[in-house]
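2 protein chains.
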Amino acid sequence: MRQSQLFGKTLRDDPKDEVSANARLLERGGFVYKSMAGVYEYLPLGFRVLERINAVIREEMNKIGGQEALFAALQPKERWEKSGRWKVLGEEVMYQFKDHSGRDLGLASTHEEVMAEAAARSIRSYKDLPLFIYQIQTKFRDELRAKSGLMRGREFLMKDLYSFHADAADLERFYWKSADRAYRAVFKRCGLDVYLTEASGGAFTKEFTHEYQVLSDAGEDMIFYCTNAKCRYAQNREIATLEEGGRCPKCDAGKIAIGKSIEVGNIFRLGAKYAEAMGLSYADQAGAKKPVIMGSYGIGPGRVMATIVETHRDSRGIVWPEATAPYAAHLIVIGNQESKIRNQGEKLYDRLHRAGISILYDDRADKTAGEKFADADLIGIPWRLVVSEKTLAKKGVEMKRRGEAAGRIVSVADCLKRFSKKPSKRRGTF
Amino acid sequence: MRQSQLFGKTLRDDPKDEVSANARLLERGGFVYKSMAGVYEYLPLGFRVLERINAVIREEMNKIGGQEALFAALQPKERWEKSGRWKVLGEEVMYQFKDHSGRDLGLASTHEEVMAEAAARSIRSYKDLPLFIYQIQTKFRDELRAKSGLMRGREFLMKDLYSFHADAADLERFYWKSADRAYRAVFKRCGLDVYLTEASGGAFTKEFTHEYQVLSDAGEDMIFYCTNAKCRYAQNREIATLEEGGRCPKCDAGKIAIGKSIEVGNIFRLGAKYAEAMGLSYADQAGAKKPVIMGSYGIGPGRVMATIVETHRDSRGIVWPEATAPYAAHLIVIGNQESKIRNQGEKLYDRLHRAGISILYDDRADKTAGEKFADADLIGIPWRLVVSEKTLAKKGVEMKRRGEAAGRIVSVADCLKRFSKKPSKRRGTF
Numbered sequence: 050m051r052q053s054q055l056f057g058k059t060l061r062d063d064p065k066d067e068v069s070a071n072a073r074l075l076e077r078g079g080f081v082y083k084s085m086a087g088v089y090e091y092l093p094l095g096f097r098v099l100e101r102i103n104a105v106i107r108e109e110m111n112k113i114g115g116q117e118a119l120f121a122a123l124q125p126k127e128r129w130e131k132s133g134r135w136k137v138l139g140e141e142v143m144y145q146f147k148d149h150s151g152r153d154l155g156l157a158s159t160h161e162e163v164m165a166e167a168a169a170r171s172i173r174s175y176k177d178l179p180l181f182i183y184q185i186q187t188k189f190r191d192e193l194r195a196k197s198g199l200m201r202g203r204e205f206l207m208k209d210l211y212s213f214h215a216d217a218a219d220l221e222r223f224y225w226k227s228a229d230r231a232y233r234a235v236f237k238r239c240g241l242d243v244y245l246t247e248a249s250g251g252a253f254t255k256e257f258t259h260e261y262q263v264l265s266d267a268g269e270d271m272i273f274y275c276t277n278a279k280c281r282y283a284q285n286r287e288i289a290t291l292e293e294g295g296r297c298p299k300c301d302a303g304k305i306a307i308g309k310s311i312e313v314g315n316i317f318r319l320g321a322k323y324a325e326a327m328g329l330s331y332a333d334q335a336g337a338k339k340p341v342i343m344g345s346y347g348i349g350p351g352r353v354m355a356t357i358v359e360t361h362r363d364s365r366g367i368v369w370p371e372a373t374a375p376y377a378a379h380l381i382v383i384g385n386q387e388s389k390i391r392n393q394g395e396k397l398y399d400r401l402h403r404a405g406i407s408i409l410y411d412d413r414a415d416k417t418a419g420e421k422f423a424d425a426d427l428i429g430i431p432w433r434l435v436v437s438e439k440t441l442a443k444k445g446v447e448m449k450r451r452g453e454a455a456g457r458i459v460s461v462a463d464c465l466k467r468f469s470k471k472p473s474k475r476r477g478t479f
Numbered sequence: 050m051r052q053s054q055l056f057g058k059t060l061r062d063d064p065k066d067e068v069s070a071n072a073r074l075l076e077r078g079g080f081v082y083k084s085m086a087g088v089y090e091y092l093p094l095g096f097r098v099l100e101r102i103n104a105v106i107r108e109e110m111n112k113i114g115g116q117e118a119l120f121a122a123l124q125p126k127e128r129w130e131k132s133g134r135w136k137v138l139g140e141e142v143m144y145q146f147k148d149h150s151g152r153d154l155g156l157a158s159t160h161e162e163v164m165a166e167a168a169a170r171s172i173r174s175y176k177d178l179p180l181f182i183y184q185i186q187t188k189f190r191d192e193l194r195a196k197s198g199l200m201r202g203r204e205f206l207m208k209d210l211y212s213f214h215a216d217a218a219d220l221e222r223f224y225w226k227s228a229d230r231a232y233r234a235v236f237k238r239c240g241l242d243v244y245l246t247e248a249s250g251g252a253f254t255k256e257f258t259h260e261y262q263v264l265s266d267a268g269e270d271m272i273f274y275c276t277n278a279k280c281r282y283a284q285n286r287e288i289a290t291l292e293e294g295g296r297c298p299k300c301d302a303g304k305i306a307i308g309k310s311i312e313v314g315n316i317f318r319l320g321a322k323y324a325e326a327m328g329l330s331y332a333d334q335a336g337a338k339k340p341v342i343m344g345s346y347g348i349g350p351g352r353v354m355a356t357i358v359e360t361h362r363d364s365r366g367i368v369w370p371e372a373t374a375p376y377a378a379h380l381i382v383i384g385n386q387e388s389k390i391r392n393q394g395e396k397l398y399d400r401l402h403r404a405g406i407s408i409l410y411d412d413r414a415d416k417t418a419g420e421k422f423a424d425a426d427l428i429g430i431p432w433r434l435v436v437s438e439k440t441l442a443k444k445g446v447e448m449k450r451r452g453e454a455a456g457r458i459v460s461v462a463d464c465l466k467r468f469s470k471k472p473s474k475r476r477g478t479f
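Protein sequences appear in the order of chains A and B.
Note that our numbering numbers the first sequence so that position 85 is 134, with each residue one more than the last.
Note that our numbering numbers the second sequence so that position 183 is 232, with each residue one more than the last.
Some hints here could point you the wrong way.
One copy or two, it doesn't matter: identical chains are merged, so the pair holds either way.
Stated by the list, open to error - Cross-link-like lysine-lysine pairs, in silico, BS3-like; alpha carbons within 30 Å at most:
hint, residue 1, residue 2
1, Lys416, Lys449
2, Lys58, Lys304
3, Lys339, Lys416
4, Lys58, Lys416
5, Lys444, Lys131
6, Lys466, Lys444
7, Lys338, Lys226
8, Lys65, Lys126
9, Lys339, Lys58
10, Lys176, Lys439
11, Lys444, Lys112
12, Lys136, Lys147
13, Lys466, Lys83
14, Lys188, Lys147
15, Lys338, Lys466
16, Lys147, Lys126
17, Lys279, Lys396
18, Lys196, Lys126
19, Lys449, Lys58
20, Lys339, Lys322
Since the hints were made in silico from the structure, they are not lab data.
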């Protein structure tokens, strides 16, 4: 992509009405901007990051047997009255209104009712279980105070997976499989260091649940956590029995610390609650009718994006992990008023492009080297490639990893080789 | 995907409350189901078709320079008062309501105002033009009578592209480029035979616009069209000057016919209307401030899916074009109670899978051959592969194209070879 044509410009100054680092940097970098309180528009750079996060989530959900679907936001009142949530969610966060014919409608802030209803169309007997359905879909929640940038929005993408089981033991097996395999893999690939944290289920369930928490001063939660890296036991302060400075009761080795944290995901054992409310049952081996046992599993891709920014940045801007970067490399041409240098830049862009490497190409003629470097640091693409008079003389290109102090000049062939490697093997090559 | 585990079952009978063929077949095939009037839930098969259509659209939009973004559905009243559409759309199709703090909100049924506002953040001078932004995003429209299945919904995906130009001549160039190149390519790849049809701009513009119409008795529109295949001039009846049975004034050769048709896309010249309302201007070469000239270009992926079903079906079910099929092939094992046959099926599934061919694998042990074949015809995947005692004896697999009367037994190697070819070269290989 030619930066001269990119929709979304970098801003020199912080937006006036944003306090959180994620919103400030993402807006200054041209990734998103605030449309109204709690509602963000994703410009092409932000959309690319979102899609990369979604791709990671999809891969990991598919690996554990998840089937992707897409359910509607518009909800009839009757469905939510069955579960008793029309009133309670309506008072808190659910947008509810009447259509032109006077019918009561709501916008889904979550999909347990819908999914139980949908599953009832497909599940007849124990042979149809277990079943794992997910979607990446837009949720609406009328948050009283939408602050913290993209971390708490009124309209946001959510990956919500729902699992359906014959009994609690089967739910338990999948619950831990999703927790220890899929969820850990998603966050690891996104560069997030998560604590699996015991927490209360809120309005969803009276059972114990788990949250994925990332330590950060930008967080709205507080967790007690074991500082032993092999243990990492954690509890949300809301339900905590741990004590700061105390010995961890789980590993009996680490010390307990307390810190602010961001919740990037959560998993719930729902039991039979929604199945019973929505009439979702199955016939067991003996033909007896039993309620289906459910679990639900959420990740907010926009909140993951915001959390990456909160935890991967420096004074100059964002430092994207490779798996979530909008482009693999940022190619910058310095002195492209001169045709010799400009041609070299165009040639390299073309070559990288043809090699299938995603490139943001700073071809802007009206920016100084300083402005281009500052923009590159702000946008935070993992690799910066520079073509200039200096590199032309040495017949190479300057490569620098975002966050490194200095780059080095390598041959174009070596540069290409670097990017043809698998992303997972990329680290520490130079 | 193993059909025994697929979420979404085929139904033997038509759903009671659907009259349109697209909704009946898509619901019976387990692609979608109706959540409430005008609102459909996409099950995994339906979601896969939708994603394939979206992929075609993305490719063609990117080819003409489109940059993908993602804008919100939630809208502040103030934005739409600037264009004067809060009242007029509110009376017709826009869902409008108050949030918990009493603020007036709406759900976007279209995004001209938002896009003009967003573009104003990025466009300063003539150097920033032209610009082409699109999204594939959920729209809400409170249709008075939502009928025709997925063709006219209250919540639906829409690809909307907006173009921004320095003057009307530049808009004109892009308008025809999108019309003749991108739009034609999308519909051709989706197997739709479209007529580019002159039409009225409705609430959007007073200028002349164009619709893409597909002849079908399921359509809600009527078009006059030239029967000369080289001309294909068409007008929507609403504004038509053509006469049935008359000579086409454009090619002076074809005869004019009239027919019911489905609108699958539309393109609009918006002129300066939204730019002026939203304060979107640029500085020209002389530094003079001028309004930006806009165009908008829509395709509804769900409506494309419904139109494909209306125009690609027979008495047994859907006949998907290859580019939009949920899977490349439907592998059916007959007699998989016998381990020899079952093993052969599993081996072939594994081999096709590893070759990167997307397969729906009917491994169900409790269905008869007749039931499996009927389901395959209903679901409509382009190729049917059968493993049975007969094919085992001949050391091959039976291949049959959906719609063909009989299949033929080929070797597994030949079968694999068939699918390793590029989709565009697939037709007529056997």
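Query raised in the report: When no copy is named, should lysine 338 and lysine 226 be tagged within, between, both, or neither for a Cα gap of at most 30 Å?
Result: This pair counts as within: shortest intra-copy Cα distance 27 Å, inter-copy 60 Å.
Query - Homomeric proximity label, lysine 188 with lysine 147: Cα distance no greater than 30 Å - result: both (19 Å within a copy, 17 Å between copies)
Query raised in the report: Is the C-alpha distance from lysine 147 to lysine 126 at most 30 Å within one copy, between copies, in both cases, or in neither?
Result: Both. Shortest intra-copy (10 Å) and inter-copy (17 Å) distances satisfy the 30 Å Cα cut-off.
Requested in this report: Pop the pair lysine 466 and lysine 444 into one bin, within, between, both or neither, using alpha-carbon distances up to 30 Å.
Outcome: within (16 Å within a copy, 45 Å between copies)
Report task. At 30 Å max between alpha carbons, let me know whether lysine 449 reaches lysine 58 within a copy, between copies, both or neither. Result -> Classified as within: same-chain Cα gap 23 Å, cross-chain 53 Å, threshold 30 Å.
**Report entry** Within, between, both or neither: lysine 136, lysine 147 at alpha-carbon 30 Å
**Finding:** both (15 Å within a copy, 16 Å between copies)
Requested in this report: Could you figure out if lysine 58 and lysine 304 sit no more than 30 Å apart (CA to CA) within one copy, between two copies, both or neither?
Outcome: Classified as neither: same-chain Cα gap 46 Å, cross-chain 53 Å, threshold 30 Å.
Query raised in the report: From the Cα coordinates, with 30 Å as the cut-off, is the pair lysine 339 and lysine 322 best called within, between, both, or neither?
Result: within (12 Å within a copy, 60 Å between copies)
Query raised in the report: 30 Å Cα cut-off: does lysine 176 pair with lysine 439 within a copy, between copies, both or neither?
Result: between (68 Å within a copy, 29 Å between copies)
Requested in this report: Can you give me the call for lysine 196 and lysine 126, within, between, both or neither, at a CA distance of at most 30 Å?
Outcome: Classified as both: same-chain Cα gap 29 Å, cross-chain 21 Å, threshold 30 Å.
Requested in this report: Go through the copies and call it for lysine 444 and lysine 131: within, between, both or neither, with a Cα cutoff of 30 Å.
Outcome: neither (71 Å within a copy, 55 Å between copies)
Query raised in the report: When no copy is named, should lysine 339 and lysine 416 be tagged within, between, both, or neither for a Cα gap of at most 30 Å?
Result: Answer is between; shortest inter-copy Cα gap is 24 Å, intra-copy 68 Å.
Checked against the numbered hints given earlier, the structure breaks hints 2, 5, 11, 13, 15 and 17 and satisfies all the rest.
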